[in-house]
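In numbering that gives the first Met the number 0, the protein residues as written are 0 to 274.
In case anyone wonders, no lab produced these hints; they're calculated from the structure.
Keep in mind that a hint or two might mislead.
With a Cα cut of at most 30 Å, we get these calculated DSSO-like pairs of lysine-lysine [said to hold, decoys possible]:
# : residue 1 : residue 2
1 : Lys117    : Lys135
2 : Lys135    : Lys155
3 : Lys117    : Lys155
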Amino acid sequence: MLYDRRSALSGYVSGLLSTGRMVFTADEAERALGVGHGAFLDAAERLQRRGALLNPRQGFYVVVPPQYASWGAPPPAWYIDALMRREGQAYYVGLLKAAELRGATHQAVMEFQVVTAKRLPRIRAGRSMIVFYFRKDMEAVTAGIEERKTDTGTMKISSAALTALDLLRYPQASGGMDNIATVLSDLGRTIDREQLAALSVVVQRPVVQRLGYLLDQLGHDELTGPMQESLGARGTLPWTELDRQEARDPDFASEPLQRDVRWRIIARRLPQADA
0 MLYDRRSALS GYVSGLLSTG RMVFTADEAE RALGVGHGAF LDAAERLQRR
50 GALLNPRQGF YVVVPPQYAS WGAPPPAWYI DALMRREGQA YYVGLLKAAE
100 LRGATHQAVM EFQVVTAKRL PRIRAGRSMI VFYFRKDMEA VTAGIEERKT
150 DTGTMKISSA ALTALDLLRY PQASGGMDNI ATVLSDLGRT IDREQLAALS
200 VVVQRPVVQR LGYLLDQLGH DELTGPMQES LGARGTLPWT ELDRQEARDP
250 DFASEPLQRD VRWRIIARRL PQADA
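All chains should be modelled from the sequences, with the hints used to inform the complete structure.
This is the structure in structure tokens:
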């Protein structure tokens, strides 16, 4: 009887795959198969051990197609939208992952980075690590969130403008200033300057100052005029460090290399973008 239940779940999973569906909940499977929760969990655990099923959150399952069996999971882009709907949270794929999806990266991104309105623990999904970054003002940046088609549906992703701002908002998630400069050197070509200016009104001022300074340094000064006007409307700018970590580092904390009057940025070292 136990074997039959496991076989039934395997058939159910195969049936989902045949219709192009990748995810299901425990409740859905139990109703479809007419089994209790304990029997379902036993069968699901067996499929997980075989690498045919992924359980990223309690009660939520992702089918692993045969071509991704060696990876332990399909790409997170295939199921992130369904996962976040299950969580009931606004989200967008952002930071370095969004930059990579927009063709602005010089190296493989190790994390699948998601910005969301709730603090969530990271998820190990086969070879991938899904990492969540908290943002409480999600409604303020909706103009910078777009939908992108995936192989299994759609997902939400930050625009080039919002991605650029977020790289400076979460510098440790972005690989530090040198890596941010490298990404911005490519990403700058795709940024909508009017949207950048609009988003600059709702993002923390030091973040806007740092991004404006870097865009100027990287030769993307055509983007920064409206951005600076938006920033100026918010009042007198305080001086801010380009890299707060360097400001605390004894090797850099003495006399700064540059004080940029336009953005009121204190730079102790000029970031180096990779060629």
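Checked hints:
1. Annotation: proposed proximity of Lys117 to Lys135 holds, straight-line Cα distance about 8 Å (limit 30 Å).
2. For the proposed pair Lys135 and Lys155, the alpha carbon gap of about 17 Å is at most 30 Å, so the pair holds.
3. Restraint check: the Cα-Cα separation between Lys117 and Lys155 comes to about 16 Å, which is no more than 30 Å; the hinted pair holds.
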